[in-house]
Amino acid sequence: MVLYKEVNSVDSLITANECATIAAFDSIGSRNGSSDFTVLDAYNMRNTGVYINSPKLTQPTGLVSEIKDGAVLLESNAYIRIPMHDSINIANSNSSLYTGKWTIEFYGKFSSGAFGGDGEYLSTWSNATPLNGFEFFNNSSANGFKIRTLSNAVVSTETVSSNIALSSNTFNHIAVTYDGTQIYYYVNGDLKSNVSLTGSPIAFTGDITIGGRGASFVANTGESAPSSIRSFIIDEFQIYNESLTSDQIDDRYSESQIQPLTNFAFLYGNDASIKEIIDDITFADIGRLYIDELGKAKYEHFYRFFEPSIDQHANVQTTLSDSTYIVDGEYSVQLQCNKVTVPLSGLQKAKNQRQSLWSVEDGSTLAAVTLSANLTANANVAYYTDTANIPFPNAGYVKIGSEIIKYNSKTGSSFNNLERGQFQTSAASHLINNNNESKIREVKYYNVAFQKTPAFDVQAPFITAIRIDEPDLIEIHKYVPYAYGAELIIAAANTAPVGKVIMIAGEDRLTNYPYALSIAGVPVEISEQNSDIKTQTASVADSIKKYGVKDVTIQSNFINDAVHAQKIADFIIAKTQIPVPILNINTILMPKIQLGDRIRISNFTALGIVNTDYWVLSYSRSIGSGFNQQMTLRQVS
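Numbered according to the working numbering, the sequence shown spans residues 756 to 1392.
Think of the hints as simulated: they come from the structure by calculation, not from any bench. Keep in mind that a hint or two might mislead.
What the hints assert, rightly or not - Pairs of lysine-lysine residues, derived as DSS-like cross-links and limited to a Cα-Cα distance of at most 30 Å, are as follows:
(1) K1030 with K1330
(2) K901 with K811
(3) K1233 with K1161
(4) K1161 with K1094
(5) K1347 with K1053
(6) K1322 with K1094
(7) K947 with K856
(8) K1094 with K1305
(9) K1347 with K1030
(10) K1030 with K1322
(11) K1161 with K1030
(12) K1030 with K1053
(13) K823 with K1322
(14) K1347 with K1330
(15) K1255 with K1165
(16) K1053 with K1301
(17) K1330 with K1305
(18) K1094 with K856
(19) K947 with K1347
(20) K1207 with K1233
(21) K856 with K901
(22) K901 with K947
(23) K1301 with K1347
Unchecked claim - Simulated restraints on C-beta separations:
(24) I1032 with A1215: 25 to 33 Å
(25) P1098 with G1050: 36 to 44 Å
(26) Y853 with G1176: 45 to 53 Å
Ideal placement from N, C-alpha and C gives every residue a C-beta, glycine not left out.
Build out the structure end to end from the sequences listed, making use of the hints.
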């Protein structure tokens, strides 16, 4: 979406740095991409918004998951107008993007409460009785969505609404979906209303006004403001040509309210086991990777049990007692910590520019000869004609057509002891006198280990015989790069001449031209912290006076950011400065208990527990004389 603002009656492009909302590439609950987009990128999105009368940008957002995101404050006479275009005209059946289904979604904060009159605040209507279009409203009696429909030549207004007032203190996630039959209105993930349309939505003609209704622009006349300008804050406005499900809407809201995950600069572990790598990475975030009861891998970061938007953690999922499920139990330990120290490791950072990571040694060559006898799909010997006495290795790989063949020995006129269909190619029959399909082309396989690791932004191989020569003398059969190396398979090209040595790297003796094959990328290096901050610490004096020092040091190679280190230290102190009971219990088998569930023990006489809530830290199940379940619980604090 390209955004403009009016400056002295002239439209001025809003810079990328100012654009933190109302952008088509925003995604609630996930990391935004780089704000450095080009005009061409925005043009390809085909959505153009105009900021009128200087709305305030980069205001605090309602997305817990995107603390660096920004919203737009519309106040006084400021508003946004988005000219109508087929790319957002979701009711226009003639549009190439039309599906008959759609979703409109945004975040809104109504600090002054409901609006007067109809309460319209986001609309394509030109007045209260338009011929087409939609409108969101928030008035003293209800909030919701209206749309004009057509049935049997009669235009009517269909409405979905709620009489529960929208919050004026926090952002509201508002979404409307249409599945081709019904319209659904959601607030903060909850379905508030739905209605079956008696007609079909009418294609829109008016511009989208954010901050009222009826804004328009006419050439040679100028801008017309909304009849009533509405002041509120908006963020993450999006239109989809699909109908999101109720679960998707709920997920969109929940994800936006979850604490953001730490974005580690670089995570790597080439010489460690998978378990060691996972342990190192999760420990740096005080997180946990586990397999849930459905056999799916899940990751929970350190704040997971304290997300109020996650029902399983915030609300009691089931109640236990010694008269129902509990067989026995015992206190395991009192979890307490009142001083936390987090040392910062060496900083992982990228080099400033791409560098060579690997190159082929000089003198490397390929060659091509001609098949001299038909080759069946199961033949063990391939005969060739070599008029130029081209040297081939005693064992190696060749390619005929699209098949790669391994040969284990050779003579001056044959490749012997063949192993057919190598590197996921298929064995096939090959005929002589079949132009390029009769060429036997040498293949080189490289299991590359980069000289500088780990690396990212690894580029495609630079091959002089491809970049410079015309036609290409070499072809790439396979190239798979990763942070520590790559798998590379090259072959003499189909267009390469027979009976000529093809240089991969080194100087061609006939032309004196230098050839090369190399792979470049940006290596990561570890450097010492140059800042004055070497550790981050959190402690609680009152707890230390009462219980003595209960300290812990959290050290990880991946913790090199002072803000993240302080966040971890503060979190641990906040949750463990007062002793927290850890309880082990044995129960009869209970279905639907999940890691992280909040459960309540209504009565456990042996341990004196009455109506106390716990989180499930771990559980296991066993089969002996019966079905048993063991759970480790942490008291909610």
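Against the structure, the hints come out as follows:
Pair hint K1030 plus K1330 holds up; C-alpha atoms about 27 Å apart against a cutoff of 30 Å. Restraint check for K901 and K811: satisfied, since their Cα atoms lie roughly 28 Å apart, inside the 30 Å limit. Between K1233 and K1161, the direct Cα distance comes to roughly 16 Å. Compliance with the 30 Å bound is thereby established for this hinted pair. Among the hinted pairs, K1161 with K1094 is inconsistent with the structure: their alpha-carbon atoms are about 63 Å apart, more than 30 Å.
A hinted pair counts as satisfied when its Cα atoms are at most 30 Å apart, and K1347 with K1053 qualifies at roughly 16 Å. A C-alpha spacing of about 14 Å is found between K1322 and K1094, which places the hinted pair at or below 30 Å, so the restraint holds. Between K947 and K856 the CA atoms are separated by roughly 19 Å; this keeps the pair inside 30 Å, and the hint holds. Note on K1094 and K1305: the hinted pairing holds, with a Cα-Cα distance of about 6 Å set against a maximum of 30 Å.
With a C-alpha separation of about 27 Å, the suggested pair K1347 and K1030 falls inside the 30 Å cut-off, and the hint holds. In summary, the hint linking K1030 to K1322 is supported, as the alpha carbons are separated by about 25 Å, within the 30 Å threshold. For the proposed pair K1161 and K1030, the alpha carbon gap of about 36 Å is over 30 Å, so the pair is violated. With a C-alpha separation of about 14 Å, the suggested pair K1030 and K1053 falls inside the 30 Å cut-off, and the hint holds.
Between K823 and K1322, the direct Cα distance comes to roughly 16 Å. Compliance with the 30 Å bound is thereby established for this hinted pair. Restraint check for K1347 and K1330: the C-alpha separation of about 27 Å stays at or below 30 Å, so the hint holds. Only pairs whose Cα atoms come within 30 Å are accepted, and K1255 paired with K1165 is accepted, the gap being roughly 19 Å. A threshold of 30 Å between alpha carbons decides the hint, and for K1053 with K1301 the separation of about 38 Å lies outside it, so the pair is violated.
Distance hint between K1330 and K1305 is fulfilled; the C-alpha atoms sit about 13 Å from each other, no more than 30 Å. A distance of roughly 55 Å separates the Cα atoms of K1094 and K856; the hinted pair therefore is violated under the 30 Å criterion. At roughly 28 Å between alpha-carbon atoms, K947 and K1347 fall within 30 Å of each other, so this suggested pair holds. Taken as a hint, the K1207 and K1233 pair is honoured in the structure, with Cα atoms around 22 Å apart against an allowance of 30 Å.
Taken as a hint, the K856 and K901 pair is honoured in the structure, with Cα atoms around 16 Å apart against an allowance of 30 Å. At roughly 14 Å between alpha-carbon atoms, K901 and K947 fall within 30 Å of each other, so this suggested pair holds. Restraint check for K1301 and K1347: the C-alpha separation of about 40 Å exceeds 30 Å, so the hint is violated. Evaluation of the 25 to 33 Å hint for I1032 and A1215 yields a pass: the beta carbon distance comes to about 27 Å.
Between P1098 and G1050, the C-beta spacing of about 37 Å keeps the proposed range 36 to 44 Å intact. Checking the proposed 45 to 53 Å range against Y853 and G1176 shows it holds: the Cβ atoms sit about 47 Å from each other.
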